[in-house]
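Asks: Sequence:
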Amino acid sequence: MDGGPRVPEQRRPGSGSEESTALRFSVLGPVRAWRGPVSLPTGSPQQRALLAALLLREGRTATAGELIDALWGDDPPSQALAAVRTYASRLRKVLDAGVLVSESGGYAVRGLPEGALDVAEVQDLATEAEKAKSAGDLCRARELLGRALALWDGEPLAGLPGPYAEAQRVRLEEWRLQLLESRLDMDLEQGCHAEAVSELTALTAAHPLRERLRELLMLALYRSGRQAEALAVYADTRRLLADELGVDPRPGLRELQNRILQADPGLAEPSAPAAETVTAPVRPHQLPATVPDFTGRVSFVSELSDVLASAEGRVMAVSALAGIGGVGKTTLAVHVAHQARSTFPDGQLYVDLQGAGSRAAEPETVLGAFLRALGTADSAIPDSLEERSALYRSALDGRRVLVLLDNARDAAQVRPLLPGMEGCAALVTSRVRMVDLAGAHLIDLDVMSPEEALQLFTKIVGAERVAAERESALDVVAACGFLPLAIRIAASRLAARRTWTVSVLAAKLADERRRLDELQAGDLAVKATFELGYGQLEPAQKRAFRLLGLADGPDISLAAAAAVLDLPVEETEDLLESLVDTSLVESAAPGRYRYHDLVRLYARACAERDEWPPSEPAAALSRLLDFYLATVSGVYLIERPGDRLVDHLERAEYPGLVFSDRHTAQDWLYAEAVSLLACVRQAARTGTLRRAVDVLWAAIDLAESGTNSKEYEAMAALLRTTAREAADPRTEARALTLLAFVHHISGSRFDVALQEAEQATELATQVDDPLTGCWSSNISGVVALYQNRHEEGAAHFTRAIESFRVLGDRPGEASALCNLSRIHLATSRTASAVALAQQGTAMYDDMGHDLRGANGRYALGLALTQSGQLSEATECLNQALRVFRDSRQRLWEGMTLFRLAELDLAARRPAQAAVNAEAALTLLRGIGGEWRRGNVLTVLGRGLDGIGQPGRARVCWREALDLFETLGAPEADEVRGLLTPTAAA
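Take 42 as the starting number for the sequence shown in the numbering used here and just add one per residue.
In short, the hints are calculated from the structure, not lab data. Some clues are possibly wrong.
Said to hold, decoys possible - The list that follows gives simulated cross-link-like pairs (lysine to any residue, SDA-like), each with its CA atoms no further than 20 Å apart:
hint, residue 1, residue 2
1, K751, T762
2, K500, F523
3, K549, G576
Start from the sequences and build out the full structure, keeping to the hints where you can.
Replies: Here's what the structure looks like:
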């Protein structure tokens, strides 16, 4: 921005010339006027006060006497009337003709287009918001109020003299606060309580006697699981009102305190996560499309429909369909669910539980998705399975929703997902009979009858072609074993090839070698079904089908598939799309493909049976690993230009993707994270172990950001164990270094991190892996810093600096210098701490290292804060914050906000400190560990205490003390001091 005045947008479009020259005015800030985009001169403060007085009268005439009173009150100058006339004359020259008119000895502003005055626009938006709220559309109402509040541009009527301007300033500010309270109230109704705490903390500091804000803050804290703080807000408010006004809190505030003390369930009901559901119910319609050629199953459709129709008046209607893969369980369930939609007007939920695969969907993950579909905000979704299941049932209470749980593993997976409420129902499909699912109506689904199978085949292929070769058509469906999926695959192949006859297809399927498995029971029959489609593929398609099925992960990208097949991307895409046409592969999203779990198993069986040479499956997975290694190395380098890590990684024989900018590289890394980590897991074996650990090392952003830290830790632990068993100390050292990194980032496993880092250093020395030794020494120093072992930490950092210099690794050297700055800071060597941080940051800047430069500025900001250079420290930390936020480094974004809060305390800005600490607390939820949380709570308490909320401050300190005592952290002593009566006083 150029710092010039903001030009408000027009709400109502008009013709081009009229819109570009229309007059617009703002009073919700400095009084300004525009003609189109051009700012108009509005004169002296008194002249602007006159314009504001006329604008706010909404076209009504103001007499000269009224205007004099407005500008000067009881003490007007002797030439006041002449001055008013002069101001009016000057304004008339600036504005359009006929806008400022003289009438009955006074003046008026008239003829303005709709939306010309920001106050009128706010009024329109507020009215629309009220209508939207009354109609139950809270999302729309919040959006409208947000737009209205955005029109305020600082203090209303800023800089204007006179009693009228002062009175209007008070009125407009009160109006803004009322609108803000309304919007915050709707925030809480929609479950955004955690996000609202920070804003409400700042508002209560700015308006300490405004009880409605205090009430909203209490409710937001309570719904965020911070009951003690909520009660402390009431205590602080009661004390403040008594001291300042000599009154008690209003009844509404006292009632809320009592409800919190009694843990009133109504406070946590859908006016938290599901308030929007109450006023504007979200009706999910998640059912997959039903097939247009659904055939047969008449008795089953009738039976299931009757069960679902009985849902009203029953606690819950559950039907469980069981049968072999490919028998049509999902098709039948989806068809019946669509027919029953009118019985369940409040929505239909659907999920594929992936029970046939090795990694079935976790119930808590599914519940999170269901709760979001039902309108629950992310911030309101609890962590544990039991809490999510309870909230799910609460969200369904009083509603009639059908839940389709497809491809379930067993009853244990299903139970937490059942609605459990009267009027709701569940349809479950599984390969196993769920005899242990209490109260379920069980249906065993068998293959189609010959008549039904022929009808399905005819619908797909066409009646004319089948009628001409009926016997051949019967041969085809018989060869398919009357399994619906097999029939659909075969018929689709025929329908896509107009030159084929039905007898040609029958002849292809007549080979008994392709039907032997069909005669077996259980899963092998499914294999026989897929064999039919596989047998129709061309050689290149078969190879693609076999090899792509080898890769773990939920799906595979087009570029990764090209690496597996060792083919150009264009040719790979053609093959994959042809496999999609046969239904053997699914298109998960543009450029991404996936296998049904059973199809993947079948594809792997084909690879084991058919691939030649036998080494080709291993070679395909090796190419995939190389692809990830090459690509993630490029991502690492684009984030860290000049870093030497990539020079020390294993060489990738297959090329990877190349990115032109940092954001595209990050998008790829986070989108590919699950598949990349699955590839690492699959490569954790002799022969590919070293490349696997190097992929993980280059993808270290996944751990540092907090996004995939748990999965990353699991992969590092697996590689360490596998390397130890394989007697590969180099890989073990690298895996230990990564584990130490994850554990020290977690903020609660410092002893474990130190042990792993020391082991890594020892092994790295044995196998002459100097970069691993540099990293592990640096991590050991960080852990020593956190544990207040400063001499030991300095020794680790000094060793790391020297080693990085020997390797010519300037980014590593800069990192260790900035870390050593922290040691000097902790030992009161402030000047040298600043110098070291400046040296490290300058090195990062010389290399164009945006992300690591932010880490340098973080360290420099700490040193400058302690040295009293608060303005410079603020600039450093804000620069770091912008980069961390842009790079999706949630951990460092949260920690930088925490450091800004510390700086705010040093600058005697307790209100801003509380706001920044609240924001940090929200960002660090679930990452960063309990030690960091304790530090943030300590600073938050100091900020709250500084704005006159000592009760809430003590709640924060008590929680911090509990965390520090559990961890055995020395910070507990500082917090105990804060909690003593002397400190409180």
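Asks: Next step is simple, just say for each hint if it's right about the structure.
Replies: A quick look at each hint next to the structure:
1. K751 - T762: Judged against 20 Å, a Cα distance of about 17 Å means the pair holds.
2. K500 - F523: 15 Å, holds
3. K549 - G576: 8 Å, holds
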